[in-house]
Amino acid sequence: MTETYLNDTVINAKGTLCSRSVSYPIEASAIRKWAMAVYWPEPAPQKFMDAEYAPEDFDAFAWGPASYASLLPGDDSSVVVRHGINERALGFPEWKFRAGLNGGMNCTYGVRMHVGDVITDVKSVGEYTERQGRNGLMLITQSISTWTNQRDELVKRTINTGICY
Amino acid sequence: MNSSSAPSIPASAISRIQVGDQLQPFIRRTDFDNWNRYAAVNDEFLPHSMNDEAARREGFPKAFGMGNLQWSYVHSLLRAFIGPDGSILRVDVQFRNPNLREQTVTAHGTVTGIDGTTVSIDLWTQEDEGARLAVGKALVSLPSG
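In the order they appear, the protein sequences are chains A and B. Count the first sequence with this note's numbering and you get residues 818 to 982, in order. Count the second sequence with this note's numbering and you get residues 33 to 177, in order.
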């Protein structure tokens, strides 16, 4: 039975910059399909069918980045981590979990995303905590994702929380 | 069911909003057909959202949907409220229970504060029996007037 997940390496990693990804230019069809999937079976709002701008929840990295670079010393960037951070490259223990769940998101928005925008995502380590739950000791992870556009304007900053047990 | 008879507060101007106002709910019955569409646009083919057996191996009674899709439902709720000239400033959501297959998910919001053109909203999603699947808060800005 795991007594704790939180060793010094995990605790001291808070704030570490992990990776920088750059998206492909946002396409009108990606905005349209995203909105159709989210609003289905109702029709999506016309502004999204016309791709006036992307929904706030749109993921410009949904099908992978145009480029990805780890910012961690010694990491060759061969492992692209879309959601979260490369815990192995950070030297975290190789935990074996039965389940990994989305615990929540906290997002502050800046400017909207438009067709042709190229988004840069810089990920960093948030706070790792643990809590006893009905499935045993749970690890609560946080990764922070900061998106800017090609004009270096903030698009959004998201704190993603994961729950593992 | 994908519509509601609840009072609608779309395309809002700040002068028409009061603390306690309810946003028009955003309602979706959820099953593989929702989740497969969302997986296809978000490359999110999670086994526990694709078949019941995978979800049972993780301790759930049947397949359950993506938190990211509920996140999108909450944003759809807010977009209908703010109208074309409003902006979503901040959203904070915690997932409390899984959105199990065949549940009807309803996203709700209540206005809790107004400061200038900025409106605070309590958010939640719930399933058919009323259990809350996600809870949170949002901050939006509305056009003056």
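The hints are simulated quantities; they were obtained by calculation from the structure and are not laboratory data. Misleading hints may appear alongside valid ones.
Result set (BS3-like, lysine-lysine): computed pairs, CA atoms no more than 27 Å apart in a straight line [stated by the list, open to error]:
id, chain 1, residue 1, chain 2, residue 2
1, A, 913, A, 831
2, B, 169, A, 913
3, A, 850, A, 831
4, B, 169, A, 831
5, A, 864, B, 94
Hints and how they fare:
Straight-line distance between C-alpha atoms of residue 913 of chain A and residue 831 of chain A comes to about 21 Å, which keeps the hinted pair within the 27 Å bound. Proximity of residue 169 of chain B to residue 913 of chain A is assessed by CA-CA distance (about 33 Å); at most 27 Å being required, the pair is judged violated. At most 27 Å may separate the alpha-carbon atoms for a hinted pair to count; residue 850 of chain A and residue 831 of chain A exceed this at roughly 36 Å. Restraint check: the Cα-Cα separation between residue 169 of chain B and residue 831 of chain A comes to about 25 Å, which is no more than 27 Å; the hinted pair holds.
Of the pairs offered as hints, the one joining residue 864 of chain A and residue 94 of chain B is violated, with about 36 Å between alpha carbons and a cut-off of 27 Å exceeded.
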